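Residues per chain, in single letters:
2 protein chains.
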Amino acid sequence: MEWKGFPMKTVVSLRSGRVLVAALLFSLGLSAHAFAQSDPLPSWNDGAAKQAIVAFVQATTTQGSPNFVPPGERIATFDQDGTLWVSHPMYTQVVYCLERVPAVVKAKPELATVEPFKTVLSGNREAMAKLSMDDLFKILAATLTGMPVEKFQAEVKAWLATAKDPRWKRPYIELTYQPMQEVLKYLRANGYKTYIVTGGGQDFVRVYSEEAYGIPPEQVVGTAGGTKYGYDKSGKPFLTKEPRLLLNDNNAGKPEGIHLIIGRRPYAAFGNSTGDKEMLEYTQAGDGARLMMLVMHDDAKREYAYGPAQGLPNTKVGTLTQKLYDEAQKKGWIVVSMKNDWKKIFAFE
Amino acid sequence: MEWKGFPMKTVVSLRSGRVLVAALLFSLGLSAHAFAQSDPLPSWNDGAAKQAIVAFVQATTTQGSPNFVPPGERIATFDQDGTLWVSHPMYTQVVYCLERVPAVVKAKPELATVEPFKTVLSGNREAMAKLSMDDLFKILAATLTGMPVEKFQAEVKAWLATAKDPRWKRPYIELTYQPMQEVLKYLRANGYKTYIVTGGGQDFVRVYSEEAYGIPPEQVVGTAGGTKYGYDKSGKPFLTKEPRLLLNDNNAGKPEGIHLIIGRRPYAAFGNSTGDKEMLEYTQAGDGARLMMLVMHDDAKREYAYGPAQGLPNTKVGTLTQKLYDEAQKKGWIVVSMKNDWKKIFAFE
Chain H
-19 MEWKGFPMKT
-9 VVSLRSGRVL
1 VAALLFSLGL
11 SAHAFAQSDP
21 LPSWNDGAAK
31 QAIVAFVQAT
41 TTQGSPNFVP
51 PGERIATFDQ
61 DGTLWVSHPM
71 YTQVVYCLER
81 VPAVVKAKPE
91 LATVEPFKTV
101 LSGNREAMAK
111 LSMDDLFKIL
121 AATLTGMPVE
131 KFQAEVKAWL
141 ATAKDPRWKR
151 PYIELTYQPM
161 QEVLKYLRAN
171 GYKTYIVTGG
181 GQDFVRVYSE
191 EAYGIPPEQV
201 VGTAGGTKYG
211 YDKSGKPFLT
221 KEPRLLLNDN
231 NAGKPEGIHL
241 IIGRRPYAAF
251 GNSTGDKEML
261 EYTQAGDGAR
271 LMMLVMHDDA
281 KREYAYGPAQ
291 GLPNTKVGTL
301 TQKLYDEAQK
311 KGWIVVSMKN
321 DWKKIFAFE
Chain A
-19 MEWKGFPMKT
-9 VVSLRSGRVL
1 VAALLFSLGL
11 SAHAFAQSDP
21 LPSWNDGAAK
31 QAIVAFVQAT
41 TTQGSPNFVP
51 PGERIATFDQ
61 DGTLWVSHPM
71 YTQVVYCLER
81 VPAVVKAKPE
91 LATVEPFKTV
101 LSGNREAMAK
111 LSMDDLFKIL
121 AATLTGMPVE
131 KFQAEVKAWL
141 ATAKDPRWKR
151 PYIELTYQPM
161 QEVLKYLRAN
171 GYKTYIVTGG
181 GQDFVRVYSE
191 EAYGIPPEQV
201 VGTAGGTKYG
211 YDKSGKPFLT
221 KEPRLLLNDN
231 NAGKPEGIHL
241 IIGRRPYAAF
251 GNSTGDKEML
261 EYTQAGDGAR
271 LMMLVMHDDA
281 KREYAYGPAQ
291 GLPNTKVGTL
301 TQKLYDEAQK
311 KGWIVVSMKN
321 DWKKIFAFE
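Note that the protein sequences, when read in sequence, are chains H and A.
Numbering of the first sequence is given in our numbering, commencing with residue -19 and proceeding in unit increments.
Numbering of the second sequence is given in our numbering, commencing with residue -19 and proceeding in unit increments.
Mixed in with the good hints, there may be bad ones.
Note that the list lumps identical chains together, so a pair holds whenever it fits in one copy or between two copies.
[Stated by the list, open to error] The list that follows gives simulated cross-link-like pairs (lysine to aspartate or glutamate, DMTMM-like), each with its CA atoms no further than 20 Å apart: (1) Lys131 x Asp267; (2) Lys86 x Asp306; (3) Lys216 x Glu307; (4) Lys86 x Glu191; (5) Lys137 x Glu53; (6) Lys98 x Asp267; (7) Lys208 x Glu191; (8) Lys323 x Glu162; (9) Lys86 x Asp279; (10) Lys149 x Asp26; (11) Lys311 x Asp212; (12) Lys213 x Glu307; (13) Lys303 x Glu162; (14) Lys216 x Asp306; (15) Lys208 x Asp114; (16) Lys303 x Glu106; (17) Lys216 x Asp267; (18) Lys213 x Asp267; (19) Lys310 x Glu130; (20) Lys131 x Glu53; (21) Lys118 x Glu190.
These aren't lab readings, by the way, just hints derived from the structure by calculation.
Just so it is clear, the structure is predicted and the values come from calculations on it, not from any experiment.
Given these sequences and hints, build the entire structure.
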């Protein structure tokens, strides 16, 4: 077996990871050609990123490999927004919350003259862009909580069935990245359990994760609020979504959420922004072969370009800052260039 | 298909469930004999409980059945203490916490003269039995939190390898109920994902759930505290267990925990005490065929007898009270008599 005795972790996490992977793969005679007939990642251009994924899977799933991982322990975690689907210029869940405001005000007309609902109803995008985080939390609380779990799920489902992204004029769940779909399938085909670990709402993403990614609801970790058990008039029990935060699944909250929901350290983790840094660190801190990847949005033509490649300020939330980019280089995390590494962005192209 | 058009839910949840199941099974010609050659539940005596389990599995997994459940939605939840293993006269986790006290005091000698540690160190069982809930929480906090996750897991593992139940003189993980092990395997063989939903500590049970029940850590829901992400001196990240309660997985906390960790309603739920009532109610409130079961400890000879059968006070925690027993009858939940329904209790018998 080619990988026997081969220190896989070195390959994927050394300072000069990209070059090293390519060089070693070449020296072992394992090129894209070797698996051309059943290429598991056809939407990826041949390069360090693609080769690192394939090398990681081979090292961790080949019996006898020093970095073999038993099937039950094969866990891979994926951030969602900006990693698995488009999140620019606005997170889909924020779009949902804003578009739900009219229905919320219809049910509670007294909110029509109260901020921030008044501004949202006005449709004035400039004014909306200036809403504070406090305002946003009020909108999230009003649209995501205070109703039975099943009612919320039905509302999200109904919205997803009709809402469309304004640029591509397609349902949001069609805006997933085809190369990442291939990574999900490739890992699953090799015994990995794929999880979404998102800063977005756990209950929100669970509504469509199966349809969009083939990931069942119980494999979605996200920002989560409490629920309250109670009974309706007929004595039938139900759970109400409460505005009580249990888990803020961003930054340090990602490894904390992984421990809470999964209870195992991932072997591979994929993100795209500062909010994913701790998840990748936590993944890398484990023994054996580990794969850490960041998707860089540097394709203004086919998707969007934001982050260091465009010289945007480092403080912008939800992007690959220059600081994180530099850290990735230093730690041997693979930075995926959408422009150079991906043959296509969407399945419908 | 024998079960086509058959309102399964009626069978398992009608007021006179036991009799009805037996009568219908008989009238359909489906007796224990029909599956004798590959009896999936050999440690169960033939009777209403066993037949209800088999009927439920057939109704929910046979293509074309009106109550067919797609594989991905097949979720079954099991309380642990008193349902899957012995929890009398003391929960195993409480034994663990008490037995850890000397090590905790050794690391912090100033605790030796402080209550409740002083009493625990004295070994005076009568005095220990009188410790308050507040005292118990102090012991739990000192033995279950304040250390890195991996250190805690290693401590539990080391304890389990040597600790023995005083009555059977065997490791605790051998004290699981063989008939329930068969139910777990039977459900899994039929596409069900089996979960533990325990009032015990999620992190505690996850250490041995795979070895004891074949249930991976990510399928254990339990009482959970927060963790805190940080870095050691070398910059390596780790999670510290905090004494901050996120989920009290008892009573209403069980359906709330199921929603948080799994995000789906179970089709079958198994418990043994008042702490499981809400989980069974929540399970029954779903559509289609559902199976709700309570294990009754009425076998003083082979295990223990406590609860209504012995006329103990209804207020005792962790038991099947008379009130819950009556409610089970009313709602068509199956009450399993250890004495009458189980041929054997443990695998080693």
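Here is what the structure says about each hint:
no.: 1; hint: Lys131 x Asp267; in the structure: between (43 Å within a copy, 16 Å between copies)
no.: 2; hint: Lys86 x Asp306; in the structure: neither (49 Å within a copy, 45 Å between copies)
no.: 3; hint: Lys216 x Glu307; in the structure: between (53 Å within a copy, 15 Å between copies)
no.: 4; hint: Lys86 x Glu191; in the structure: neither (30 Å within a copy, 54 Å between copies)
no.: 5; hint: Lys137 x Glu53; in the structure: between (33 Å within a copy, 18 Å between copies)
no.: 6; hint: Lys98 x Asp267; in the structure: neither (53 Å within a copy, 40 Å between copies)
no.: 7; hint: Lys208 x Glu191; in the structure: neither (28 Å within a copy, 33 Å between copies)
no.: 8; hint: Lys323 x Glu162; in the structure: within (12 Å within a copy, 50 Å between copies)
no.: 9; hint: Lys86 x Asp279; in the structure: neither (41 Å within a copy, 60 Å between copies)
no.: 10; hint: Lys149 x Asp26; in the structure: neither (31 Å within a copy, 60 Å between copies)
no.: 11; hint: Lys311 x Asp212; in the structure: between (54 Å within a copy, 17 Å between copies)
no.: 12; hint: Lys213 x Glu307; in the structure: between (56 Å within a copy, 19 Å between copies)
no.: 13; hint: Lys303 x Glu162; in the structure: neither (29 Å within a copy, 54 Å between copies)
no.: 14; hint: Lys216 x Asp306; in the structure: between (55 Å within a copy, 18 Å between copies)
no.: 15; hint: Lys208 x Asp114; in the structure: neither (24 Å within a copy, 25 Å between copies)
no.: 16; hint: Lys303 x Glu106; in the structure: neither (30 Å within a copy, 61 Å between copies)
no.: 17; hint: Lys216 x Asp267; in the structure: between (48 Å within a copy, 12 Å between copies)
no.: 18; hint: Lys213 x Asp267; in the structure: between (54 Å within a copy, 18 Å between copies)
no.: 19; hint: Lys310 x Glu130; in the structure: neither (46 Å within a copy, 27 Å between copies)
no.: 20; hint: Lys131 x Glu53; in the structure: between (35 Å within a copy, 19 Å between copies)
no.: 21; hint: Lys118 x Glu190; in the structure: neither (29 Å within a copy, 43 Å between copies)
Violation of the numbered hints given earlier is confined to hints 2, 4, 6, 7, 9, 10, 13, 15, 16, 19 and 21; the remaining hints are satisfied by the structure.
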